[in-house]
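One line per chain: the protein sequences are A and B, in this order. Numbering-wise (my numbering), the first sequence opens with residue 1 and increments by one. Numbering-wise (my numbering), the second sequence opens with residue 418 and increments by one.
Hints listed in this document are in silico derivations from the structure and should not be mistaken for laboratory results. For each residue, glycine too, the CB sits at the ideal point set by N, CA and C. Each hint should be verified, as a subset may be incorrect.
Only part of the chain A face toward chain B is listed, based on derived beta-carbon distances under 7 Å [stated by the list, open to error]:
(1) Phe253
(2) Asp283
(3) Ile310
Sample of chain B residues at the chain A side, in silico, Cβ under 10 Å [stated by the list, open to error]:
(4) Leu462
(5) Gly482
(6) Gly536
(7) Lys642
(8) Pro699
(9) Thr784
Number of protein chains: 2
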Amino acid sequence: MTRDQIQALLDEQTAAYRALQDSGLKLDLTRGKPSPAQLDLSNELLTLPGDDYTDAQGTDTRNYGGLNGLLELREIFAPIMQVPVEQVVAGDNASLAMMHDNLVFALFHGVPGSEQPWGVEESVKFVCPVPGYDRHFALLEEYGIEMVPVALNEDGPDMDAVREAVKDPAVKGMWLVPTYGNPTGAVVSEAVAAELAALDTAAPDFRIFWDNAYAVHHLTEEQTKTADILGLCVASGHPDRAVIFASTSKITFAGAGVSFMGSSADNIRWYLSHLGKRTIGPDKVNQLRHARYLGSTAGVHALMDRHREILAPKFEAVVRILRERLGEYGVASWTEPKGGYFVSLDVVDGTASRVIELTREAGVAMTPAGAAFPYGDDPRDRNIRIAPSYPSPEELTIAIDVLATSVLIAAAEQALG
Amino acid sequence: MTRDQIQALLDEQTAAYRALQDSGLKLDLTRGKPSPAQLDLSNELLTLPGDDYTDAQGTDTRNYGGLNGLLELREIFAPIMQVPVEQVVAGDNASLAMMHDNLVFALFHGVPGSEQPWGVEESVKFVCPVPGYDRHFALLEEYGIEMVPVALNEDGPDMDAVREAVKDPAVKGMWLVPTYGNPTGAVVSEAVAAELAALDTAAPDFRIFWDNAYAVHHLTEEQTKTADILGLCVASGHPDRAVIFASTSKITFAGAGVSFMGSSADNIRWYLSHLGKRTIGPDKVNQLRHARYLGSTAGVHALMDRHREILAPKFEAVVRILRERLGEYGVASWTEPKGGYFVSLDVVDGTASRVIELTREAGVAMTPAGAAFPYGDDPRDRNIRIAPSYPSPEELTIAIDVLATSVLIAAAEQALG
């Protein structure tokens, strides 16, 4: 495009932007929140468990105890996590809390295989595939764990970079969202998972925090099966390496679900021995409620089909609008995920912050630029996370229109210098 | 008593013991668990909240968010905690977890007023009134916090010992169960509370962990009002000193209740800033369930009256049997608490472990001897905690009979050398 053409584009888009701005929008695409229509799917939970508060083992779920969670609920999720049920712990409403507690216990006590508590080491580092999940990074920052970013490819982290990073004995672990990663939708391939399991790490107590938050959150008929990381680690002689997390936050109720952790028998024993100082047990009534409502592993999948009916059209709309509005200009690329909760948009280098500023000033709140990177620092200032789940289809269409307009304005501004 | 009389007593009690032993008992008095009859009082929770999942503020409780908890629930408990509602946080099912997290955050980050994180200090110590709550002590042990035991009198901790202890700048805090303490039932008087609030401590960031677990758990008409520790601390120029905990574990469901923390605005801000890294929010549906069921502060008190109807006769039975069986021998003393969950029994010095061994061998599980002391070490080996709440009245009568028999046997054995 010539300079004049770019100027014409800028004028045209600025006029469109002003019109959108004047319409008084107030839309929020910041977080991956389920919509009310999705939450409605599980309203049966609101009157459960009813009079029968006893689980299949005969436990009165109202009383204290049962640190590892209700067996009948763990049985439903063990196949999804690909972990033997006796190595699955069911917790309260946030798997993030289980990740937090794993880090805290490791810092204070070390994990099985540690020579000393992580917290007394000179430094502790985690490998962080980027772009990634901001709350993972915030946890590490909270506890002074240094982040080593590596690129996340379509089949998982850049293994050359990972191999290099784990030569440092201070590198004690890494994050991974193996299936439909936040925000790119990347799926860790079987081959990459096998390599991670077999990896020769300088730290003998290296851990993979395998946050399978979107294990069953498909957006297409192609239902990706997550690699069996625990089995691969066992086969490679690193049985304690993988710690697997999951939750029903995006299956039932985002704020009132249940969470899960699966790992080796040794890791589970270790975790429970420390967890037992913090609490006498999880909310077993809520676990019973979930077990009764979901019924079985098949019940979970059936419910996820209904989520897909609501979510897939929203993702299709995002991709369609981006293509229609931006396709011809070559100023952006975006993911077309087969599951999960996000579309990842890369704009012209150095303009992501400006795009977010423009959308905000037009009444559309987006996740801050850089959020998907450690310390909020996107070195190329180009990545934007789109969370299409919460707004209504109508609101979403407007919001993505605002976003596309902002992308074009910021690109034109930069081109004109 | 002469040696012969003691031998006769031992023979008589041993015969009684054998008879009890042969009856194949299997009773558990180890923990302060509510009985099924008590849990039944709150069965309405099992079908709440019903179709209306929106709180009074218009929040959809099913979704993410609301880190500090539902306002309408906090409003019910703020008067009980004597803390302004905006300084109360409502959490999930265990106040123990809130205490744990306060310790962890303090160790990693320090508290408002700290010069540095507690964890980088040479040593950190807590004053522990004894006998006290074993889970408090286990938390300190878990995190390497040294315990400084001080005697707990009927009106609170021995203040001479406390004054001496807090001259050490490593002493960063103390535990207190101010009302109907676990296990003695002691109530911290207004005068002692005022002195604690005004105390001149070497550590500028000294904290009182005021675990008001039994605030409304009266066993008599005399409804003790807990001292207003937050107000007293403010009045003494130590606004950040008190951190108050409470929960509904012994009001609604022990395993599926809600917990509370109240403190200064600064402490609450500090707590939430760290908590927000661990979780996006508590289970608000369960908080709504509780707000709807309890209705008001008066609703809580009314429910506690019904608990009292179930509990008071059990406590009366314990005291009656101990008096009938042990009163004439001068080998034991016990508390007659006006609230809470425990009777504290002191037997002949050096015999508590033997008593617990005897009860166990007769099929009655009791809290281990020494449990009410830091590191499980009762220097006089004389204290036994009785938890009368869970067994049925009939089972309780038998269990206390076994206990009394065991106390007499152990005392006679010792006297005979």
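Status of the hints after comparison with the structure:
1. Phe253: Hint on phenylalanine 253 (chain A): holds, closest Cβ of chain B at ~4 Å, below 7 Å.
2. Asp283: Holds: closest Cβ of chain B sits about 5 Å from aspartate 283 (chain A), inside 7 Å.
3. Ile310: Violated, about 15 Å.
4. Leu462: Because about 8 Å separates leucine 462 (chain B) from the closest Cβ in chain A, which is inside the 10 Å limit, the hint holds.
5. Gly482: holds, 7 Å
6. Gly536: Holds, because the Cβ-Cβ distance from glycine 536 (chain B) to chain A comes to roughly 7 Å (cut-off 10 Å).
7. Lys642: Since the shortest Cβ distance to chain A is 28 Å, the answer is violated.
8. Pro699: holds, 7 Å
9. Thr784: At 14 Å from the nearest chain A Cβ, threonine 784 (chain B) fails the 10 Å test, so the hint is violated.
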